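Using the sequences and the hints given, assemble the complete structure.
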Amino acid sequence: MGGEPPSRLPETVVVAVRGVEDELAAESVDASTWRWTLTFLEGKPVVELDDGTSIHLDAAGRAQVTNPDDAPEED
Numbered sequence: 001m002g003g004e005p006p007s008r009l010p011e012t013v014v015v016a017v018r019g020v021e022d023e024l025a026a027e028s029v030d031a032s033t034w035r036w037t038l039t040f041l042e043g044k045p046v047v048e049l050d051d052g053t054s055i056h057l058d059a060a061g062r063a064q065v066t067n068p069d070d071a072p073e074e075d
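Residue 18 in the working numbering sits at position 18 of the sequence shown, with consecutive numbering throughout.
Honestly, the hints are just simulated from the structure, not real lab data. Model, not experiment: these values are computed from the prediction. Beta carbons: idealized from backbone N, C-alpha and C, even for Gly. Mixed in with the good hints there might be a few duds.
To be verified - What follows is a list of derived Cβ distance ranges for each label pair:
(1) Thr37 / Asp69: 28 to 34 Å
(2) Ser28 / Gly3: 19 to 25 Å
(3) Ser32 / Ala60: 31 to 37 Å
(4) Asp70 / Val15: 15 to 21 Å
(5) Gly3 / Ala60: 25 to 31 Å
(6) Ser7 / Leu41: 27 to 33 Å
(7) Ala60 / Asp30: 19 to 25 Å
(8) Asp69 / Val15: 28 to 34 Å
Next up, the structure:
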């Protein structure tokens with residue numbers, strides 16, 4: 001949270017990460033102990049925050065943010 005992203009992370013993902021961090025700050029969420037985890041799957045970055053928020057690139061190279069609250073409920 002708030003740190004310098006790896007240089008090989010695409011700018012579109014960096015912008016999405018900063019957007020999530022700004023949103024959490026605007027909502028006064030205490031995320032001081034939260035961290036991002038970066039994984040590369042098939043050469044594409046997948047970034048996940050400790051609360052379950054994830055960011056990945058779609059087929060067109062756009063960053064897609066998935067919030068845990070937006071996930072469909074399992075039966």
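Hint by hint, here is what the structure shows:
Our hint of 28 to 34 Å for Thr37 and Asp69 is violated, since their Cβ atoms are close to 19 Å apart. At roughly 20 Å, the beta-carbon separation of Ser28 and Gly3 lies within the given 19 to 25 Å, and the hint holds. At roughly 34 Å, the beta carbons of Ser32 and Ala60 sit within the given window of 31 to 37 Å. Between Asp70 and Val15 the beta carbons are some 19 Å apart, a value that agrees with the proposed interval 15 to 21 Å.
Here the CB-CB span from Gly3 to Ala60 is close to 28 Å, well matched to the stated 25 to 31 Å. With their beta carbons about 19 Å apart, Ser7 and Leu41 fall outside the hinted range of 27 to 33 Å. Taking the beta carbon of each, Ala60 and Asp30 are about 35 Å apart, not inside 19 to 25 Å as hinted. The hinted range of 28 to 34 Å is not satisfied by Asp69 and Val15, whose Cβ atoms lie roughly 21 Å apart.
Consistency note: the structure conflicts with the earlier hints numbered 1, 6, 7 and 8.
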